[in-house]
Amino acid sequence: MSAQASPPPPKAPGYMLWLPLGLFIVFAGLLLVGLLRPADRTVTSALVGKAMPQFALPPALPDRPGLRSSALADGKPHLVNIFASWCIPCRVEAPQLGALAKAGVSIEGISVRDTRADLQAFLAQNGNPFQRIGADDDGQVQLALGSSGVPETYVVDGEGVIVYQHIGEIRPEHVDMLLGKLKEAQQ
Amino acid sequence: MKRLLLLSVAIALAAPALAQEAQSTAPYAYRQLADAAQEARAQRLMETLRCLQCQGQSIADSDAPIAGAMRSLVRERIARGEQPEAIRQWLIERYGDYVSYAPQLTGLTWPLFALPVVLALVAFLLLRRRFTRRKSA
Amino acid sequence: MIAELGLAALWLAAALAALQLVAGVLGLTVRGASLGDAVRPVAIVQGLLALLAFACLVYVFAVTDLSVKLVALNSHSMKPLIYKIAGTWGNHEGSMLLWVTVMGLGGGFVALVERRLPERTMLATLAGQAFVSLGFYGFLLIASNPFERLSPVPAEGNGLNPLLQDLGLAFHPPTLYLGYVGLSIAFSFAIGALVTREVGPAFARAMRPWVLGAWIFLTIGITAGSYWAYYELGWGGWWFWDPVENASLMPWLAATALLHSVSVLASRDALRAWTIMLGVIAFSMSMIGTFLVRSGILTSVHAFAVDPQRGTFILVLLAIYIGGALALFGLRAGTVAEGERFAPVSREAALVFNNVMLCAILGIVLFGTLYPLLAEAMGAKVSVGPPYFNPMSALFAVPMLVVLMVGPLLRWRRDTFARVGRLLVIPAMLVIAAGILVVVIGGAPLLPFIGLVLAAGLAWASVLPLKGRNLRRVPLPVWGMVIAHFGIAVSLFGMSSESAFSIEKLVALRAGEVTQVGPWDVKLDSVEPVAGPNWTALEARLLVRYGDDGKVTQMLPQARGFWAPPQQTSESALLTRWNGQLYTVLGGEAPAARQAGDRWQLRLWWKPFAPLIWGGGLLIALGGVLALLGRAAADLKRISVKDKIASRRERQGR
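As they're listed, the protein sequences go chains A, B and C.
Quick note on my numbering: the first sequence kicks off at 153 and runs consecutively.
Quick note on my numbering: the second sequence kicks off at 70 and runs consecutively.
Quick note on my numbering: the third sequence kicks off at 8 and runs consecutively.
Read the hints as simulated data drawn from the structure, not as lab findings.
There could be a bad hint or two in this list.
[Said to hold, decoys possible] Okay, derived cross-link-like pairs now, DSSO-like style, lysine-lysine, Cα gap no bigger than 30 Å in a straight line: (1) A:K254 to A:K335; (2) A:K202 to A:K254; (3) A:K202 to C:K388; (4) A:K335 to A:K228; (5) A:K254 to A:K333; (6) C:K388 to A:K333.
Treat the numbers as computed from the prediction; the structure is a model and nothing was measured.
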């Protein structure tokens, strides 16, 4: 572009002058897209579709066994619910978990950063839908599962593969959807 | 478990007794590795990992419990002799690229790495045009 | 009543801005020329009305008039008065009102004093200023009325985010806003000059004080904001490359480039189109910054007043102003002559080079900040953070700093390296010596290493322009340049030292136990509850001693709990020495499950020379202040000389 340098007052080529405007339009468009699509702040696990990582958690309470990943690959689909007594949405979802348990779903719990006393009080108040409860006191299994908050619920098929991750509390309208996911996982 | 929060609730009276998440109890959330070189390596890695619950902080700068759990994970694995980049990959496998503040060179992020090259090129052309013109004029 | 008065003043000001725009535009035409005389007085009154509206809002906040919705939402009767007043602009509506107020006053001031430019350019400039203001008035009156009443009147207000109840932060946003608004005036000048094609030294001289002023405020604002994040967030970090931080950095980068190119234009009549372009970019960066902060489209630690609706409004304003200005640029810049020429080795060339480097850094920051948005639009989430920004910006910052050592020594138009080469022997030796020294004391990671050696060279090179001159006769702007460049060296040294040599210590101590961090002995003496006006806290009493025979000093970090609204914060305690800063934070009670007894979690850092980061920032701003004073004094002198000549002519009856 430096070839035509003959006229004394050199001018930038025309397109150079319009380039800023072009860039700006692209940029404003990007900002508009950003505004119109409200940012999704949830961080989904990248493990959906992959096998459950190996782990073995000790029992959180004396009356339920702990949870090891091998127990999930028993041919039946499972719900793995990550919860804690200090988490308010976990209270909100307790009735739905109870309903799922009544419907015959086997629900496994991973209690994160909890104490036995708090946990017992929580389950006494909100019901205990869990077959097994593993105590993840250090939050390390939560990290291994790619879970970034509490509560989260994973649907695991009979071979121990994660087929679905539900982030946040299970509301009444989610129950049928989860039952559907479990049914799919059975096939 | 007694916690700072509960204690300050007792003092503050009016503060909410609602569920505030406990501080992380993971062993190395608030404890450094004994080996200074390992700790330095862990620290460098932690500064480049994103806290998943907070709004845009690294796990090295956050009091969120999950950040504590992640710090402990990083320190424990470094202590076991794992490479920092392997730990980063392990986390990316679980949380996606979001968890790492250091963008990996992928099909999605290559423009980030192309940009400096483009800028350098544009800068070069701009400067060259400015000065070669003068000589030819 | 006061709230209604404020609202009325605001409407009137908006109406006057509309009048100013219409009269300014018509004044440019042949038939409407007589209207042009109205523009200056209207601009002045408009500014005063905006000030009245803002004063009304300050008043309702100061007396905590809870019938005003904004007060009820953002204030609390128990708050200390200073935070009540600061609460005026600690929210979206109030900060926008502050914005238009400063913009109105700035425009009024320009109308009052600026007489150097051709009247047509002034009309176009003031019309442009009114056009920009009008958008913000519309924004306030339509989408975010600060004076809205609330019925029924609540018994108590919601309070202010405790993180914001801090003196530093109370004055941080207005400082940045003053900077943004200064750039808006520079923008208006650029538009005015483009409209009338009068891009020359006179235009540059008229614009320069506004750019300088804006740049000073931005520098102070960023420095203060960084220091605030450093002591308030409680983890010892001072720059996170967070979107909101980047939003304040980008206008600064553009303003820095503009500041230098406007100087070239003023003294050498070169870089005409480039200066205009930078004027547009600088203001667009401040609007983009405001947009990013307000719209919440990016995740940030510092996002306090987020609302997507308002984001849309700001985006529309952004599109109108910046799109319009760039279109005007496309139409007109081709007809603006290039200006004077210069050789590849000359002061201008160095300035151009650094201008381009600053713009490249700006490009990196802008792209990196927005890339997560782009990736999300493509369906993936990525994070871009320090591991990207640090090396990528260094790629352009390092050559810039090298040229910065040489540039001020070069002559205008044409020079040779041979002439300045001798001067640079000492800085070059300092660079090498610093490099050897760092390696001897144990080395440092690459980027801090480069920073340390460059800082050593630059510190010396930056004062070389004073060499061989009578210091008492050196003009103020030169002092300003020297001090600002020296400030860059100081700040760079602080940053590099902090990142290379900081020592961190996390410990759980019982009362009475002692620990070491770097050269310090730290003893946890006691932990006691204390109470403040709207918070209670646990306060640790630390007794610290530097070295074996230092004086014992007391430090009092706190873990605070606020109740309106409820939130926990850590109040760090800092102890500054000439060679660094001891940073202490009281964490929680250590996890009892693993450690018996009542241990307290402490986070301690020894940060060698860290305070120089902000000290350097203030030096940079001081340099700006000196330059501004120098220019203003020169302008005043010129005006008074002109007046004298004019009055003499009058007396002689010409």
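Now the hints, each set against the structure:
{"no.": "1", "hint": "A:K254 to A:K335", "verdict": "holds (15 Å)"}
{"no.": "2", "hint": "A:K202 to A:K254", "verdict": "holds (28 Å)"}
{"no.": "3", "hint": "A:K202 to C:K388", "verdict": "holds (19 Å)"}
{"no.": "4", "hint": "A:K335 to A:K228", "verdict": "holds (10 Å)"}
{"no.": "5", "hint": "A:K254 to A:K333", "verdict": "holds (17 Å)"}
{"no.": "6", "hint": "C:K388 to A:K333", "verdict": "holds (25 Å)"}
When the structure is compared with the earlier hints, no violation turns up for any of them.
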